[in-house]
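Put together the whole structure using the sequences plus the hints.
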Amino acid sequence: MTRWLRSFGRFWYDFIVGDDWTIALGVVIAVVLTALAAQAGLAAWAILPVTVTGGLTWSVARARSRKPGTPETTEPLDG
Amino acid sequence: MHDVLLFAAAFLASAVEMVEALTIVLAVGVTRGWRSAAFGVGAALVALAVIVVVLGPAITRLPIDALRVVVGSVLLIFGLQWLRKAILRASGLKALHDEDAIYRAEVDELGQSSSHDWYAFTVAFKGVFLEGLEVAFLVVTFGGAQHNIGLAAAGAASALVIVVIVGAFVHAPLSRVPENTLKFGVGVMLTSFGMFWSAEGAGADWPGGDAAILVLLVAVLAVSLAIVGVARRPATLTSGSAT
Chain A
1 MTRWLRSFGR
11 FWYDFIVGDD
21 WTIALGVVIA
31 VVLTALAAQA
41 GLAAWAILPV
51 TVTGGLTWSV
61 ARARSRKPGT
71 PETTEPLDG
Chain B
1 MHDVLLFAAA
11 FLASAVEMVE
21 ALTIVLAVGV
31 TRGWRSAAFG
41 VGAALVALAV
51 IVVVLGPAIT
61 RLPIDALRVV
71 VGSVLLIFGL
81 QWLRKAILRA
91 SGLKALHDED
101 AIYRAEVDEL
111 GQSSSHDWYA
121 FTVAFKGVFL
131 EGLEVAFLVV
141 TFGGAQHNIG
151 LAAAGAASAL
161 VIVVIVGAFV
171 HAPLSRVPEN
181 TLKFGVGVML
191 TSFGMFWSAE
201 GAGADWPGGD
211 AAILVLLVAV
221 LAVSLAIVGV
231 ARRPATLTSG
241 SAT
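Residue numbers (my numbering), protein chains in the order written: chain A, 1 to 79; chain B, 1 to 243.
Source of the hints: derived by calculation from the structure; they are not laboratory data. Treat the numbers as computed from the prediction; the structure is a model and nothing was measured. In this text, a Cβ means the ideal position worked out from N, Cα and C, and glycines have one as well. Among the hints, erroneous ones may be present.
[Said to hold, decoys possible] Chain A is faced by these chain B residues, among others (derived, beta-carbon under 7 Å):
1) S73
2) L76
3) I77
4) L80
5) Q81
6) I87
7) L93
8) M195
9) S198
10) A199
11) A202
12) A204
13) W206
14) V223
15) I227
Given below as structure tokens:
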């Protein structure tokens, strides 16, 4: 039962968050900042493109600098 | 003349939303398999039918912006994960087919049938459900304003027929595109749609309205290809490609 629950939890974590949790966290923060900027009447639309560009570049750079032979974390459900 | 304009407005606005849904369904169907994607589409259509029947004109009171934020954010996370891996593969930093074995092991561990792909189901469901809800909004608001919801619904139904026919013609050529190129494209599309919806739901106004999606698609593709160019290592130039 414990094993099944752990697998179930891991399934949903992998499903929603995926192999790089910083991407999911970055998206949540960027969307919150977008909402705050929109409320303040600023050009809120620009926040996500800038964050996505920076976050994707950083995430790939991080994977690139990983020691050769070090596997990625579990990543069963995405592309 | 008003009737013609109402029909045309409902047709065109609905077609835009349906093409967005079709894009996502085609992308997921071609890359992950049609069976689960079709289940996702079917489930979304059933959910939409229930909502429309139960709520009727009150559908305009649903918190569509909250839905956009949630669906858009999840699509954006999914899209970035796809894109990140497609970039790593295209750069030669990651093997081309390592996820399939991990995926099957994970599904087996859960004791589920490996023939059902929840990822494809969920992405197809979300795309069709959100866009379908927007079409229902359009029909109710356009039709309600002109006191002719039936004609607006006919415009939307005509758009659906055309979009489905286009999808049927387009999916076969798509199946012949190399796997990682498709995954790259899916990542670009999910990321672009995810950004558009989540920002719109959060209250941002995109310059150019729906046309901003096209700009986002081009921009995300350009940025991704640039990252591939920078990340590609000379020693692994031949081990993976975006094309």
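Interface hint outcome for A202/B [beta carbon to chain A under 7 Å]: It holds, given that the least Cβ distance between A202/B and chain A is near 4 Å, below 7 Å.
Min Cβ distance, L80/B to chain A: is it shorter than 7 Å? holds (5 Å)
Hint check: is the beta carbon of I77/B less than 7 Å from a beta carbon of chain A? holds (5 Å)
Taking the least C-beta to C-beta distance, is I87/B closer than 7 Å to chain A? holds (5 Å)
Hint check: is the beta carbon of A199/B less than 7 Å from a beta carbon of chain A? Check passed: Cβ of A199/B comes within 5 Å of chain A, closer than 7 Å.
Mind checking the CB of V223/B against every CB in chain A and telling me if the closest is under 7 Å? holds (5 Å)
Take the shortest C-beta to C-beta distance between A204/B and chain A; is it under 7 Å? It holds, given that the least Cβ distance between A204/B and chain A is near 4 Å, below 7 Å.
Cut-off 7 Å, beta-carbon criterion: hint that L93/B touches chain A: With a closest approach of 6 Å, the L93/B hint holds.
Let's test the interface hint: is any C-beta of chain A closer than 7 Å to that of S73/B? Hint on S73/B: holds, closest Cβ of chain A at ~5 Å, below 7 Å.
When the nearest CB of chain A is found for W206/B, is that gap smaller than 7 Å? holds (5 Å)
Classify the hint on S198/B as holds or violated, based on whether any CB of chain A lies nearer than 7 Å to its CB. Because about 5 Å separates S198/B from the closest Cβ in chain A, which is inside the 7 Å limit, the hint holds.
Does L76/B pass the interface check with chain A, least Cβ-Cβ distance below 7 Å? With Cβ-Cβ at 5 Å, under 7 Å, it holds.
Checked against the numbered hints given earlier, this structure breaks none of them.
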